Structure formats: structure tokens, C-alpha cells
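A.B. asks: The primary structure of each chain is shown beneath.
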Amino acid sequence: MPEDHPVPGPADPAIRVVELRKTFVVPEREAGLKHAIRSLVRRRTRQVNAVDGISFDIAPGEVVGFLGPNGAGKTTTLKMLAGLLYPTGGGLTVLGATPSRREKDFLSRITLVMGNRNQLEWDIPAADSFELNRAIYRIPPQAFAETRDELVELLEVGDLVRKPVRNLSLGERMKVEIVGSLLHRPQVLFLDEPTIGLDVTMQKRIRAFVAEYNRRYGATVLLTSHYMADVVALCKRVIVIHHGRILFDGGLSGLSSRFAAYKTIGVTLDDPTIDLGAYGEVIHRDDQKITLRVPKLETSRITARLLSEQAVADLTIEDPPIEDVIETVFASGEDDERLPEREKVSE
Amino acid sequence: MSAVVERSGRPAAPGLPDRPRVGRVRSMVDLYLTEMRTAIAVQFQYRVANYFYMIGMVAEPVIYLVVWSSVARSQGGAVGGYTPGEFAAYYIVWTLVRNINIVFTPYGWEWRIQKGQLSGQLLRPIHPIHYDLGYFAGMKFVVLVLWLPIAAILSLAFHPTLQPSGLGIGVFFVALWGAYLIRSLNMWVLGMITFWTTRVSAIFELYMALELIFSGRLVPLTLLPGWAQGVANFLPFQWTFGFPINALVGKLSTTQLLEGLGMQALWIGIGATIIHFVWRAGIRRFSSVGN
Amino acid sequence: MDRADPIAGRPTRGIRAAARLWWVFFRVGAMNELQYRVNFFLELFQSLVALATGLIALALVFQHTSSLAGWSKPELLAVMGVHVMMGGIIQTLVQPNMDRLAREVQQGTLDYALTKPRDSQLVISVREVRIWQTVNVLMGLIVLGWAVTQLQRGIGVVQALAFAGALVLGAVMIYCFWLVISTGAFWIVRMEEISELFQGVYQAGRWPVTVYPAGLRASLTFLVPVAFAVTVPAQALTHRLTERTLLVAFVFAAALFAFTRWFWRVGLRHYSGASA
Chain F
0 MPEDHPVPGP ADPAIRVVEL RKTFVVPERE AGLKHAIRSL VRRRTRQVNA VDGISFDIAP
60 GEVVGFLGPN GAGKTTTLKM LAGLLYPTGG GLTVLGATPS RREKDFLSRI TLVMGNRNQL
120 EWDIPAADSF ELNRAIYRIP PQAFAETRDE LVELLEVGDL VRKPVRNLSL GERMKVEIVG
180 SLLHRPQVLF LDEPTIGLDV TMQKRIRAFV AEYNRRYGAT VLLTSHYMAD VVALCKRVIV
240 IHHGRILFDG GLSGLSSRFA AYKTIGVTLD DPTIDLGAYG EVIHRDDQKI TLRVPKLETS
300 RITARLLSEQ AVADLTIEDP PIEDVIETVF ASGEDDERLP EREKVSE
Chain R
0 MSAVVERSGR PAAPGLPDRP RVGRVRSMVD LYLTEMRTAI AVQFQYRVAN YFYMIGMVAE
60 PVIYLVVWSS VARSQGGAVG GYTPGEFAAY YIVWTLVRNI NIVFTPYGWE WRIQKGQLSG
120 QLLRPIHPIH YDLGYFAGMK FVVLVLWLPI AAILSLAFHP TLQPSGLGIG VFFVALWGAY
180 LIRSLNMWVL GMITFWTTRV SAIFELYMAL ELIFSGRLVP LTLLPGWAQG VANFLPFQWT
240 FGFPINALVG KLSTTQLLEG LGMQALWIGI GATIIHFVWR AGIRRFSSVG N
Chain S
0 MDRADPIAGR PTRGIRAAAR LWWVFFRVGA MNELQYRVNF FLELFQSLVA LATGLIALAL
60 VFQHTSSLAG WSKPELLAVM GVHVMMGGII QTLVQPNMDR LAREVQQGTL DYALTKPRDS
120 QLVISVREVR IWQTVNVLMG LIVLGWAVTQ LQRGIGVVQA LAFAGALVLG AVMIYCFWLV
180 ISTGAFWIVR MEEISELFQG VYQAGRWPVT VYPAGLRASL TFLVPVAFAV TVPAQALTHR
240 LTERTLLVAF VFAAALFAFT RWFWRVGLRH YSGASA
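Residue numbers (numbering that gives the first Met the number 0), protein chains in the order written: chain F, 0 to 346; chain R, 0 to 290; chain S, 0 to 275.
I should point out that these hints are in silico values taken from the structure, not numbers from a laboratory.
Model, not experiment: these values are computed from the prediction.
Be aware that one or more of the hints could be misleading.
Below are the SDA-like pairs computed for lysine to any residue, each with C-alpha atoms no more than 20 Å apart in a straight line [as the list claims (entries may be wrong)]: (1) R/K114 / F/R116; (2) F/K103 / R/R123; (3) S/K115 / S/G266.
Here are some of the chain F residues that sit facing chain R, going by a computed Cβ distance under 7 Å [what the hints assert, rightly or not]: (4) L84; (5) S107; (6) L111; (7) R116; (8) Q118; (9) D127.
Where is the CB? At the ideal position from N, CA and C, for every residue including glycine.
Given only the sequences and the hints, what does the whole structure look like? Please build it.
C.D. replies: So this is what it looks like as C-alpha cells:
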């Protein structure tokens, strides 16, 4: 039934995930020496469904933000996509390959950058580690030099590549780390918290770089981040995951319209001293502008009232900041009663 | 820059092999040379630490040497066919063989998995064993430079008697790398046990103890009782210690020298085969459990 | 069991406070180790194998000679017993802490330990414990007991006390030696190889240091105090120990401890973290 599926485009999706699941068995133990000794004999384990049946397609060249609180299953999913974890169930293809087979051709086309992991040799300059990657990925010397110089220039890494990695700051290390991860010009980038712990300037630099890389090479990017600014700047589409399930998959604006329970109305009055408390919650006011928070469904009614009852010089209706929306999403996920029993205790 | 843009301007086509790669054999040689260069760069920075390591290592044969020279002298000059001078030669060559023998240990595996290094290596299109083989081979060049003065001091202190044959010298240099390979492969097999149990150190220590006795590391194998020498013939250990040492110290016939190389090749083959199968199972396990 | 929190709210000086801190870490370390139950049996097995190796080496030597540098076979067995026992003590309490110190200095993560409101030398000395290694202490005691029954001259109270005293002094000296070298990690970044260095040199203690040529013997006494840790206690059991030697051991241990404390402080001042 073709109606049930998206119409296949001219190219197959770069990433296709169907009902993907991953279950871990973790030992369970109470604190204390007594329990430690007891666990020598009997060991309690627990099943955790880290990823619990998720499906999505990502088209070539798309940049998708992967959002969720800690422990939502983001990293587990990324690791399955990169072929590091074997799925418990469901289907998964990246660039037409099955990641867990870890075919050389597949591995040569992807990269996984983790913000808190270090892949470059610690004790030698990054430039020497780059040489190692050249050999590993079998990159012809000419192409290697071109890509390296280009990446070095784009990220403004410059002389840093000649210092031992251990002497670099966190942000500098991340930049050379990214250069090293992209020397083989992967077509799919998995970025797990690439800006974690970095200052705002460095975050912006890396953001701009990812956007540029995507534009130049048409690479597909799947990005997780705690910083909404990363997501807003880079991703037209977001996938929100919570408790191993997808809560939302669509445009950033759609996220707001679906999950935001409120809108904000900015009003500029001829007489700024008038109290608008009767229309909604005043969340901000300055010399001219008053910002009101109103329930989403009431927005048009309140706007109409404002316009008819007050001398309004200017009026804007806005969605709340994306951070607030995300918070609402996760909070609603917590109480979502449709979520099935996730954990089973076994001995 | 324009060339790059032009080349990359075409849209990404998933699943199509579209870019040139360096040839297989050439790229392998390249990988090993680059790994070796990296190792030399890293290890040279740590020459002080490396010296500590070597002094600790040299203590072991010196102890054996002192004890057995003392025994030989008290027995009128020789024990088991070894004079103090020959013991000195045996244990000084021992230090070189031991240095060549040092490879990535199972302890490193634990670290490698915990720190996510293995994950990083799995993301790359090359079997991780090549990193270790290349890296540790490169390290040997630094070790060799550091070893020379130690060997000189030991020789001045203990007066070795060394009369190697031409063939012996040739076989020695081949056998050194044979020993390196056998031990690397064995340690890899042990290290991969980490996929199933988090602390493999006890098994590793057991291996080391068996190796100590049956390899010629503790004493030349001819000093062992006959039955123990028989057991040693069925184990890989002597091909990583006793054989290369004896090749240079000059206790082996031409036939024994060549047979020894053959035995080394056999054990390399066995090690490689085991790794092939255990690695597959191990990775399957690793990727279902995570880290 | 003492349920009061031993870290917070009490005066942080003195031996009792130190002992309490040690006990807290010991408990955590023990619980951690207990998770790996297989390792107990493997450790036991491994300890037996190591013992067998030592006995084999001894047997090989005595296959060809009847005494080594004036020590008979049961006397050398006693030396071996002390060696194994002391090795067990070191591996249970000292080595794991020193390994961790060297590692943390290299990775620049030592700061966590230094921010604790306790004596820094104490903290870095008690954080780790490998309880399964105590198997070696037991094993050493068994060998020692076995050797003592074979000795021609028995052991009186004096010998036993001298033995215990020499053992404690030896352990203190080994700890100091190791900490001094580890403190060197503040200047020389990578010091993980110290373990290898020590393990190698410690093996020399398997034989009485009188076996070795004069230069080596001096190094094994004052440079790496293996002689004090193994040979001197063994001398106490075999009626070789003089009061003078014991006094030298005491003075040397005290001086070394004072030096270690001073050197650790100097090292700390120099420490700036690996990422700086």
C-alpha cells in the first residue's frame, strides 16, 4: 500500500531506521558491604530498554537534531547507527549498509564524534595523528593534504596541529578532533554532544563549521546536543526521544506549535503604565513593551480583546523559547500513560 | 581550494564507491610505517619512563645470572653445560629478546574498552590488530637505542662469552621478530577475554608464570628436568625466548636453527587463526553489551 | 559496625582519623573487588602458581648445590616466605595507590584528590585496596611456617618480635621509596613504569642480598630498600640479625619517612596539572 509510506524520492534515504530496539541487562545491587558479599552468590539483573522501537528516515544532506534528556537513548541509537552496538531488534541501514556488519566501505563513509572522547594520540601533535588517519583510511596523499588544509582553515586551527594534543585546551582539542574525524570526508556525520563543555564562541565556531561542511559536501548530519542553540542554528528537523521512544519528529516550528501550551504576546501601548494583568500573565515589561504569556488556545480571543479594548501601537505573537518547549515535551513524556512498562526485574 | 570544491560539488550518492583509495598492499605498508613513526615519536618523549621500565626489566635477568653464576662457580665452573661467561651471554641476550617481546598486554585491553578507545578503532576500516603490531614494532627502535648502553654496562660487569655463527646471527634477527609476532598474537588472544570478563589479569599472570618456566626465561631449558623439557616442546613459549637467545649464544645446530624458524611460523599461524575466530565472537559480544 | 560518617564533622588530624579514613576506602575497595568473584579463585590459583614457580627455581638451584652464599635450603625457604608475604602486603595496600597516583598525575585528574579537606599524602595513600592480594600474605605465612619447622635452630620470643618489627619497618620503607619515586611524576609526566621498575627490582629479594656483588647489595639496601623489607626480617628468623642492623633499619625508616613527607610537599607545590 504505497499510501502508507512516504513517496520514495530520487535517492534512497541516507539513514533508515525501522522499529529499532536495544535492551541491556544490567546488574542490580544495593549499597553496602553486606549486599556486595551477598551478590557474590546471587546476582539480580534488570532489563533496560534503552531504545524501544523507534523509526525514522533521514534523507541525504539533511541535518537532523536528536534531542532528549540524559538516558533517553540518544547515544545508544548513535552507537547502533555507527555499528558499535548490535540492535536487539528492528532494522537499520545507513548508506545502504547494515552498520553492525562494519564493512570497510561503510566505515570509510561515516564518522562519529563524541564530545567527551578523545581519538587522537594524546602525546604527539595532531598533525602526526592526521597522518595516521590518512594511512588508516587509505586517503591518497594529494586529497589528504587538500582536505586537511581546508579543514584546518575552516576551523581556524592553524598552528595547534603542531602542539602535542595533551597541551591543548578543551575547545582546541575538540577542533583538532573534528579535523581528524573528517579527513576521510565522511558522507554521514554522527555528532554526539560536539560542543559539550565549550565556551560560547567555540560553540558558534563549531556550529558554523558543521553547517559549512554540510553545505559543501552535502553530508548527512545527525546531531545530539544539550545546547538548543546548536539545534536551532543547524537543524530544520528534530527528532525528540524520551525513554527510548520517539515523542516528536518534524520541523522545529512544528515542535513549538505542537507542544507549547502557551504563546507570548508582545504589546506596545500608547500608555505603557496600564496594567495588562487581566489579559494574561505579565512575564516581562520595559519602557514600551509588555510581554504576556497566554494559553495557546486563547491567543486569538485575547488578541482580539486587546486590540479592541486598548490603544495598541504594536502587537506581536510569538512561540515561547525553544528551551521552554523542550522542557514541556520532556515533562509531558514523564506522565505519558501510553508508555508501557519498561523494566522487568529478573533474577 | 577550487579543486576541492569541484570534486566535492557533486551530491552525495549513498552506497556508491566513488572515491579513489590507495592500493591495498601499499596502504598496509603505509599504515605500518606511519604507526611506527607515531610510536617512535611518542616513546621518545618518554625516554626517562622507558629507562625506568628497562632497569626494572634488567633486574630480572641479573638476579638469575648472579644466582646461576654463583652455582656454576661452586660446582667447579659449569652447570648444565653453561659456564658463568655463557650464563652472562645468555642473560644479556635475554634482555634484548625480552625488550623485543614486550607487546600490548591484556591490562591494556581493559583500559582500551573502558575508555572507549576500542569503539574508536572499530569505527575505522582496518582491523585493530594492525595498530598494535605497527605501534609496538615502532617502539622497538626507541627501545633498541636505549638498550645499547645497558647491554654495554652488563657486558663490562659480567664478561659474557659469545661466539655466534654467521647463520646463528642471521637466524637470531629473524627469530626476534618471530618471537615478537608470536607473543603479540598470544597476548591479543588473552586480551580478547576482556570481552567476556572484566578482569583478565589473573589469567594473564598465569600465562606469564607458565611462560617463565617453559620459555627459557627463568633458566636455559637444558637446566630443566627432562620431562619439563618435553612439555616445553608442545608449548609456544620457548620460541619467544629460549630459541632466539640460543640462536645467538651458539648452542644450536644448523638443523635446529632452521627447524626453530619453522616452529615459529607454525605458532604464528596458530595464533592468527585463533584470533580470527575469537575476534568475531568477541566483537559480536562487545556490540551487544556496549561499554 | 560504626555507622557514623568518619569523614565529616570530626577533627581531621591524628592516627585515629587516618585509620578511619583508611577503613572507609578499604570498605569501598573491598566491595568493588567483591563484585569480581571469579578473580578470588583466579588470584588464589595464580598465587599458588607463583609459589610453585618460586619453589621450582629453588629446587633447580638446590639440584646443583647444597648451599647458596652460606644459606641452607630451609633458610632460603624462609626468605621466600617473607618475600611472598611482603609482596602481598605491597600489592594489597601500596602498589594500587601508587599506580593510581601516577596515572592521575599524567591525566591531570589528581586535582580531585587534592581538593579533599584532608592530608593529601594520606588521601593518595589509602584510596585503593586490592583485597584479593592478601591471598599472597597468607601464602607467604604458610611458606614461612613450613620453613620455620625445618630450621635447625628454633625461634624464641625475641626473634619473633624482632621479625615483626623488621617487617613493619621494611613495609614503611617500601611505601616511602615508592611514594618518593611517584612524586617524581610531578616533574616527569609519565611514571606508570614505576610499577614495572619496582616489581623487577623486588624480585631480587627472593634471594638474600648477600648473594649479590657489593655494589648491587648496597643499591638493594639503601636505594631500593628490598634488603630491609625481606632479607632483614628473614635474618631475624635465622638468628643472623644483630641489634645494630635493627637500629639502622629503624633510623633509616624514620629518616626516609620524614624525607618522603617533605618531598611530597615540594612535589605538590610544583604540580600544575597535565593540561596546563
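A.B. asks: Now look at each hint and say whether the structure bears it out.
C.D. replies: The hints, checked one at a time:
1. R/K114 / F/R116: Measuring from Cα to Cα gives roughly 8 Å; hence the hint holds.
2. F/K103 / R/R123: Holds. F/K103 to R/R123 sits at ~8 Å (cutoff 20 Å).
3. S/K115 / S/G266: Given that 20 Å is the threshold and the Cα spacing comes to 17 Å, the pair holds.
4. L84: At 5 Å from the nearest chain R Cβ, F/L84 passes the 7 Å test, so the hint holds.
5. S107: At about 5 Å, which falls below the 7 Å cut-off, the nearest Cβ of chain R leaves the hint on F/S107 intact, so it holds.
6. L111: holds, 6 Å
7. R116: holds, 5 Å
8. Q118: holds, 4 Å
9. D127: Status holds, d = 6 Å.
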